[in-house]
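Colleague: Sequence:
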Amino acid sequence: MSDLMAGLHQPGDTVLHRLPVGAKVLGLALLSLAIVLVRDVRAAPVFLAVTLLLAALARVPLRSVWRAARGVLLVAVVASVFQWWWYGAEKAVETFLDLLSLGLAALALTATTSVNEMVDALSRWARPLRVLGVDPDRVALTVALTIGALPGTIAIARETRDAARARGLDRNPRAYLSPFVIRVVARAHESGDALQARGIGD
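Going by the working numbering, the first residue of the sequence shown is number 21, and it counts up by one from there.
Any given hint might turn out to be false.
[Said to hold, decoys possible] Here are the simulated SDA-like cross-link-like pairs (lysine to any residue), alpha carbons at most 20 angstroms apart as the crow flies: (1) K111 <-> L53; (2) K44 <-> Q103; (3) K44 <-> G123; (4) K111 <-> G32; (5) K44 <-> A146; (6) K44 <-> D140; (7) K111 <-> S100; (8) K44 <-> K111; (9) K111 <-> S52; (10) K44 <-> A54; (11) K111 <-> G123; (12) K44 <-> A126; (13) K44 <-> L73; (14) K111 <-> L94; (15) K44 <-> R62; (16) K44 <-> D60; (17) K44 <-> T34; (18) K44 <-> D33; (19) K44 <-> P31; (20) K44 <-> R144.
What the hints contain is simulated information worked out from the structure, not anything from laboratory work. Predicted model only: the values in this text are computed from it and were never measured.
Input sequences plus hints: build the corresponding full structure.
Modeller: Here you go:
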């Protein structure tokens, strides 16, 4: 849970850790574009090897690599099945490897960049948008609140699921979804009230 909420951040002093946030985000964008735009099954293993190398350079623990890969794995399998059906085995393999590569590339960024660094960077990048009425501090606050809300939302989901199971209603979607949505909305209202009480506004 803590790994997920910290964006899988792993403190360290590697080359990737020392790079500025902007350089890492730009690198991730360029690599992701290359993975998406290069339509060749022979390139897919190369991209996967590059992203595995980035994860190794960032010294991401194998457990975290497996968690990230596992999160993408189901989506990759489903997408690959459809690609196999529509375009054949070669396209399916390319899609599967490309999705894994994209997940590992994102992991290399989040493992070497703390949430605070990312929020500060977003605030800086939003400053030129002041002329359009965008408040950089509000952008940073929104991102920070979103990240901060994830642990509570996941905890509510687990608690609601366990409560439904305890009542023997784990196969009834309404027994799980209804209380989950109600609790999440109530938590959002509480956060809004707390912000207004501190004079932060809507």
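Colleague: Does each hint fit the structure? Answer for all of them.
Modeller: Here's how the hints hold up against the structure:
1. K111 <-> L53: holds, 18 angstroms
2. K44 <-> Q103: violated, 31 angstroms
3. K44 <-> G123: holds, 15 angstroms
4. K111 <-> G32: violated, 38 angstroms
5. K44 <-> A146: holds, 17 angstroms
6. K44 <-> D140: Holds: K44 and D140 sit about 14 angstroms apart, inside 20 angstroms.
7. K111 <-> S100: holds, 8 angstroms
8. K44 <-> K111: violated, 29 angstroms
9. K111 <-> S52: Holds: K111 and S52 sit about 18 angstroms apart, inside 20 angstroms.
10. K44 <-> A54: holds, 15 angstroms
11. K111 <-> G123: This hinted pair holds, its Cα atoms lying about 18 angstroms apart.
12. K44 <-> A126: Since the Cα atoms of K44 and A126 sit roughly 10 angstroms apart, the hinted pair holds (cutoff 20 angstroms).
13. K44 <-> L73: It holds: about 15 angstroms lies between the C-alpha atoms, which stays within 20 angstroms.
14. K111 <-> L94: holds, 17 angstroms
15. K44 <-> R62: violated, 26 angstroms
16. K44 <-> D60: Between K44 and D60 the Cα gap is close to 25 angstroms, so the pair fails against 20 angstroms, i.e. violated.
17. K44 <-> T34: Between K44 and T34 the Cα gap is close to 13 angstroms, so the pair holds against 20 angstroms.
18. K44 <-> D33: holds, 15 angstroms
19. K44 <-> P31: holds, 16 angstroms
20. K44 <-> R144: holds, 15 angstroms
Going through the hint list in order, the structure does not satisfy hints 2, 4, 8, 15 and 16.
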